[in-house]
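Could you put the whole structure together from the sequences, leaning on the hints where they help?
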Amino acid sequence: MLLGSGLTVLSQPLMYVKVLVQIGYEPMPPKLGRNVFGRQVYQLPGLFAYCRHIISVDGRAGLFKGLAPRLCSSALGTVVHSKVLQSCFPLDVSCFLQLQAKHKEEPVSSLKQVLKETTREMVARCAATLVTHPFHVIALRSMVQFIGRETKYRGIITAFTMIYQEEGVLGFFAGLVPRLLGDILALWLCNMLAHLINKYALENGVGDREAEGTEPHFRVAEGGLKMPFLLLQASTMTEIRSYSQAVTGFLASMLTYPFVLVSNLMAVNNCGLAGGQLPYAPIYSSWLDCWSHLHREGNMSRGNSLFFRKVPTGMRYVWE
Numbered sequence: 001m002l003l004g005s006g007l008t009v010l011s012q013p014l015m016y017v018k019v020l021v022q023i024g025y026e027p028m029p030p031k032l033g034r035n036v037f038g039r040q041v042y043q044l045p046g047l048f049a050y051c052r053h054i055i056s057v058d059g060r061a062g063l064f065k066g067l068a069p070r071l072c073s074s075a076l077g078t079v080v081h082s083k084v085l086q087s088c089f090p091l092d093v094s095c096f097l098q099l100q101a102k103h104k105e106e107p108v109s110s111l112k113q114v115l116k117e118t119t120r121e122m123v124a125r126c127a128a129t130l131v132t133h134p135f136h137v138i139a140l141r142s143m144v145q146f147i148g149r150e151t152k153y154r155g156i157i158t159a160f161t162m163i164y165q166e167e168g169v170l171g172f173f174a175g176l177v178p179r180l181l182g183d184i185l186a187l188w189l190c191n192m193l194a195h196l197i198n199k200y201a202l203e204n205g206v207g208d209r210e211a212e213g214t215e216p217h218f219r220v221a222e223g224g225l226k227m228p229f230l231l232l233q234a235s236t237m238t239e240i241r242s243y244s245q246a247v248t249g250f251l252a253s254m255l256t257y258p259f260v261l262v263s264n265l266m267a268v269n270n271c272g273l274a275g276g277q278l279p280y281a282p283i284y285s286s287w288l289d290c291w292s293h294l295h296r297e298g299n300m301s302r303g304n305s306l307f308f309r310k311v312p313t314g315m316r317y318v319w320e
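Numbering of the sequence shown is given in the UniProt record's numbering, commencing with residue 1 and proceeding in unit increments.
Source of the hints: derived by calculation from the structure; they are not laboratory data. Among the clues, some could well be false.
Dumping the calculated EDC-like pairs for lysine to aspartate or glutamate here, alpha-carbon to alpha-carbon at most 16 Å [to be verified]:
no. : residue 1 : residue 2
1   : 152       : 167
2   : 65        : 150
3   : 152       : 166
4   : 310       : 26
5   : 83        : 121
Each pair of labels, with its calculated beta carbon distance range [unchecked claim]:
no. : residue 1 : residue 2 : range
6   : 296       : 247       : 15 to 25 Å
7   : 113       : 150       : 43 to 53 Å
8   : 150       : 86        : 13 to 23 Å
9   : 154       : 46        : 24 to 34 Å
10  : 293       : 167       : 14 to 24 Å
11  : 60        : 119       : 28 to 38 Å
12  : 55        : 150       : 26 to 36 Å
Even glycine gets a Cβ: it sits at the ideal position worked out from N, Cα and C.
Shown next, in the form of structure tokens:
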């Protein structure tokens, strides 16, 4: 939990800038620069330029607006996630020993095991998201206040009271549906793609080598020790599988990014803040309406990258 809190604090400036970019707030005009291929293009300000602008307005402490509700969300989410796994999916000692023995016999998890573990993780994540979403909404609105220089959401207790009085209970769950859908799709895409890679790409390579029936030969490992080549290969395969999980996680997050964008926009839409209404965004009737509007304007990936932000052709932005 302490590690998660530390990462939340360190990532707060990045999250802050990303949210403002997702809203469509551009306080500085584009400048002529060069892309990764050396071609001259007009670029919008990146992460560091955005941070310097925030510091010039609110000081260094301004980069950490919305941090308190994010810390509450992170801590509460960790507890709920753990409790759901322990209470709804208990794992006794005998079952754990069976799974451990199975892992030793089978280098790659079976499809049934992947489906079971993914389902457990999905239920735990959905429960944690459902419980922590009100803090997520407060954090987003606390950041978006920078656009209109409002002070509506000064603290967590005040924010809870304000949202309940103006929007009722449903106000705490604005943008929840696309957020849940995005999390679920990302989880299943990540785990299933990793399973396919490990099962049909990595395991087949090991199986073909074992099928040759050659005698196990030795290689000199670090420290001068002679180890069987297959043992070294197994260690390498485990490392490769961890890399494949990271790569598939990145791909899944890229594919499901529109759900994150729509969720954040719906969380601040028509909430009484300048960033939740025109000229930044119209009043959406539902998250599907928001999705359709972003798709028509070609803004489905807005805020996905904070570096080399090329100005799209024909796109209009609002800057001071």
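How the hints compare with the structure:
1. 152 to 167: OK: residue 152 and residue 167 at ~14 Å, within 16 Å.
2. 65 to 150: With Cα atoms ~12 Å apart, residue 65 and residue 150 stay inside 16 Å; holds.
3. 152 to 166: 12 Å, holds
4. 310 to 26: 13 Å, holds
5. 83 to 121: It holds: about 12 Å lies between the C-alpha atoms, which stays within 16 Å.
6. 296 to 247: 15 to 25 Å: With a Cβ separation near 32 Å, residue 296 and residue 247 fall outside 15 to 25 Å, so the hint is violated.
7. 113 to 150: 43 to 53 Å: 50 Å, holds
8. 150 to 86: 13 to 23 Å: Once the Cβ atoms are compared, 41 Å apart, the range 13 to 23 Å for residue 86 and residue 150 is violated.
9. 154 to 46: 24 to 34 Å: 30 Å, holds
10. 293 to 167: 14 to 24 Å: 21 Å, holds
11. 60 to 119: 28 to 38 Å: For residue 119 against residue 60, whose Cβ atoms are near 44 Å apart, the range 28 to 38 Å is violated.
12. 55 to 150: 26 to 36 Å: For residue 55 and residue 150 the Cβ distance comes to about 19 Å; the hint is violated.
In this structure, the hints that do not hold are numbers 6, 8, 11 and 12, in rising order.
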